[in-house]
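Asker: Sequence:
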Amino acid sequence: MTERNEEAVWLAFRGGSETAFTEIYNAYFKVLYHYGYHIASDENLVKDCIQNLFIELWKSRQNLSATTSIKFYLFRAMRRKLYQTVRRDKPLLSIDPLTDTYDTEVNFSPEFNLIASEISAQQRQQIEQAINRLSNRQKEAITLLYIEGLSYAEISEIMTLKVRTVYNLVHTALENLRAYLNQPATAIWLTVGYLLYP
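So that you can map any letter, position 31 of the sequence shown is 31 in the UniProt record's numbering, and since no number is skipped, the others follow by simple counting.
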């Protein structure tokens, strides 16, 4: 969707258009799923959160604010919904947004093996290990920046961090990945981007 089209679709949705609601759902379910999965690594939990998020959006549509970026709006809402759900329903699943430790592994999405079939098993394992050595916030920041194409300012709002902190997270993540993989940053993201998202 173009920015102008997004505004029109969002306006129609807020006005009660089921067609616009369906269009938004179909356009963003997959990216919300991938984003949520990189945070929680629980397929059913993430899907439930997306469903509940859209139910809540539909019920409160008339009170929603205008937006020029549906993706940004949904990512911010999805992150909040995930953390609320985990705190309430799965307190043993640690995804504290303020924690910057190395104790949580990324479990790649179910499509990972199919997507990565053209990459050698050794390369795939190296990339998985390198990403899993990043901190939780570094993983989230690089996913939003390089995979989802959001700006540093948008990421700072979604993650409730200062823009400078997001820059530092991304810089540190790239340096760590470059050290782990012994590759230039560009080569890393061409490969990692291909692996993480079809």
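Among the hints, erroneous ones may be present.
Straight-line distance between alpha carbons at most 25 Å, and here's what the computed DSS-like set of lysine-lysine pairs gives [as the list claims (entries may be wrong)]:
#: 1; residue 1: 30; residue 2: 139
#: 2; residue 1: 47; residue 2: 81
#: 3; residue 1: 81; residue 2: 139
#: 4; residue 1: 71; residue 2: 47
#: 5; residue 1: 47; residue 2: 59
#: 6; residue 1: 81; residue 2: 71
Pairwise CB distance ranges (calculated) [claimed, not checked]:
#: 7; residue 1: 15; residue 2: 178; range: 41 to 51 Å
#: 8; residue 1: 84; residue 2: 153; range: 16 to 26 Å
#: 9; residue 1: 5; residue 2: 65; range: 17 to 27 Å
#: 10; residue 1: 63; residue 2: 22; range: 31 to 41 Å
#: 11; residue 1: 89; residue 2: 157; range: 17 to 27 Å
#: 12; residue 1: 163; residue 2: 11; range: 26 to 36 Å
#: 13; residue 1: 153; residue 2: 64; range: 29 to 39 Å
Honestly, the hints are just simulated from the structure, not real lab data.
A virtual CB, placed ideally from N, CA and C, is assigned to each residue, including glycine.
Asker: Work down the list of hints and note, for each, if the structure agrees.
Answerer: Comparing the hints with the structure gives:
Proposed proximity of residue 30 and residue 139 is supported: the alpha carbons are some 18 Å apart, at most 25 Å. This hinted pair checks out: residue 47 and residue 81 have alpha carbons roughly 11 Å apart, not beyond 25 Å. Proposed proximity of residue 81 and residue 139 is supported: the alpha carbons are some 19 Å apart, at most 25 Å. For a cut-off of 25 Å, the pair hint linking residue 71 to residue 47 stands: about 17 Å separates their Cα positions.
Note on residue 47 and residue 59: the hinted pairing holds, with a Cα-Cα distance of about 19 Å set against a maximum of 25 Å. A distance of roughly 15 Å separates the Cα atoms of residue 81 and residue 71; the hinted pair therefore holds under the 25 Å criterion. Range check, residue 15 to residue 178: Cβ separation about 49 Å, and the 41 to 51 Å hint holds. Distance hint for residue 84 and residue 153: a CB-CB separation of about 24 Å, consistent with the stated range 16 to 26 Å.
Residue 5 and residue 65 have their C-beta atoms about 18 Å apart, which keeps the hinted 17 to 27 Å range intact. As the Cβ distance of residue 63 to residue 22 is approximately 20 Å, the hint placing it in 31 to 41 Å is violated. Between residue 89 and residue 157 the beta carbon distance is about 26 Å. The supplied range of 17 to 27 Å therefore holds. Between residue 163 and residue 11, the C-beta spacing of about 29 Å keeps the proposed range 26 to 36 Å intact.
Take residue 153 and residue 64: their Cβ atoms lie about 21 Å apart, and the range 29 to 39 Å is violated.
When held up to the earlier numbered hints, the structure conflicts with 10 and 13 and fits the remainder.
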